[in-house]
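With the hints as your guide, set chain B onto chain A.
There are 2 protein chains.
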Amino acid sequence: MNRITNLFGIRWPIIQAGIVWAAGWELCAAVSKAGALGLIGAGSMKPDLLQLHIRKAKAALQNQEPFGVNIPLQRGDADELVQVCLDENVKILFTSAGNPGRFTPTFKEREVTVVHVVPSVVLAQEAEARGVDAVVCEGTEAGGHDGVDEIPTFVLVPQVVDAVKIPVIAAGGIVNGRGIAAAMALGAEGAQIGTRFAATVESSAHPRYKQAVLKATDTSTVFALRKIGPVRMLRNPFAERCADAESRGASEEEQQALRGEHRERIGIFEGDWEEGMFEAGMGAGLIHDLPNAADLVARLVREYDDAMARLNAAVNTLK
Amino acid sequence: MNRITNLFGIRWPIIQAGIVWAAGWELCAAVSKAGALGLIGAGSMKPDLLQLHIRKAKAALQNQEPFGVNIPLQRGDADELVQVCLDENVKILFTSAGNPGRFTPTFKEREVTVVHVVPSVVLAQEAEARGVDAVVCEGTEAGGHDGVDEIPTFVLVPQVVDAVKIPVIAAGGIVNGRGIAAAMALGAEGAQIGTRFAATVESSAHPRYKQAVLKATDTSTVFALRKIGPVRMLRNPFAERCADAESRGASEEEQQALRGEHRERIGIFEGDWEEGMFEAGMGAGLIHDLPNAADLVARLVREYDDAMARLNAAVNTLK
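The listed protein sequences derive, respectively, from chains A and B. No gaps in the numbering here: position 137 of the first sequence is 137 in our numbering, and each next residue is one more. No gaps in the numbering here: position 167 of the second sequence is 167 in our numbering, and each next residue is one more.
Excised from the complex, chain A in its bound form (with noise of 0.2 Å):
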């Protein structure tokens, strides 16, 4: 057991992220299930779906295994998702984006443990100062929407976990053992894994999402939107328009309107390849089958354990 694993009550210092589209009730239960943290992501759930995927986590779970919910606090209606969390008494929250203080008093007084999202160093000290139980720090290789700064996992956990006392997990690129002991090596304390997760049975995403995945090599995602948030997504004829709006340094306003609205939802949960946005990390190039979310915790903490042994074996000859 580390502080991870004490923080939330599970066996695997392993997270489910609550990618948008993809982490619905099923995912999530699957996962805690297998001993690991499942997440609903709320990031695309009204206040009133978000309330039925709970209410599902919780009769699959029968209230044994812990579970959370991922709030990205720049929506409008962030409030309304918090209040129904806290109507359902929902003891685990991943906050992203937005202030990590706005709702920490209320959090603590509800005894629920939160966890922040942060890119950076500067974003961790001060998640830390507001109050938060643990910080994600995400890489610039995960999906989805990441930090200005471009700041890569391998050089963002060390100078994050230098950097505050609470407990860190690292997020970006980690899609099996190895990444999760070289995320340990690293310093911290738990993985949180979004586009690996999102490429199982129980995900919610669209089998055109799933089969995108299967497909990507180390160069098939495209970093672009700088100007109005930037974004990680699979390199589809929506994406190589970004790319080339990023390339003749096109206007926040020209990127708005190319970026228009839904775009997550027609690429992650509708499978459009030529107008959707398929958000996924760079690991995604990693990922070779479409598993059950019970079998992949199984495997990622028997692959974790084979990079142990075959760190511990080159150590020993070394000696």
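Calculated from the structure, these hints are not laboratory results. Be a bit skeptical, because a hint or two may be false.
Copies of the same chain are indistinguishable here, so a pair counts whether it falls within one copy or spans any two.
Below, in silico cross-link-like pairs of lysine to aspartate or glutamate (DMTMM-like), each with a Cα-Cα straight-line distance of 25 Å or less [as the list claims (entries may be wrong)]:
1) K46 / E261
2) K58 / E274
3) K215 / E252
4) K210 / E26
5) K91 / E80
6) K91 / E253
7) K108 / E26
8) K227 / E252
9) K227 / E240
10) K215 / D149
11) K227 / D244
12) K58 / E261
13) K215 / E126
14) K165 / D306
Just chain B now, with coordinates in the frame of chain A:
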């Protein structure tokens, strides 16, 4: 011993990168004497100066410890640089940019070990097919000239490890023992370290360069000049101009004019903060002192052992 320590005949699987203007014979010899592999960076040297540095390194090492030379193959006089190395009986060459197979037959004939630096899976496979003995896979965190695909270390290393049979050396963002352990967890068998060695006593970088590295944080580097060959450098007035040009989509011609000539020398060697290019990696934020190279190598090994002990303690308490 692993395949990398065997390949070079070194004690620790640590390679000091051949950083332009920082890695002369003094740094190279000090690192090799300490049991890692020192490299002379030929990128900033004319053939006659390279010859002088090789001779001084040989004299300093008295033919005891192995050392190598890094040659950027895009140099117009790459043939001459290679010839100097062959004439001086240098037994380890690291090549970067250009065609990795250009000199391989000659190197094989002369029993020279050759390692090529690659930024992507396809280029790693190509280097293997052309007969190199190992690859350095260099993540986009690395200082100086980087690959156009901007693939970070955390996701590049495991994909290259899965794609080739030859041993893989990780580079980009590695500055301490935690980083070496993480690189090994990802499947690498060695770590190439640049900026950390550029900030040592024996480095020939300007004191102002070394001080700038010490002051760096997680957000202190700029990645720019994408249209003419991307470079990662510390954020100084010159780098800010490059970032602005990038943001407004400046053309290839404009970027070329902005870059001009001799920027690395003006920055790294002459220490001109306004006009120079201070090439440095994203690990700079983790560098807080200017040790000598031998102490640094010993510290890296100690930190690696500490990271492994911490990892193993965590695993044991999980069981």
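- Which hints, by number, does the structure contradict? 2, 3, 6, 7 and 12
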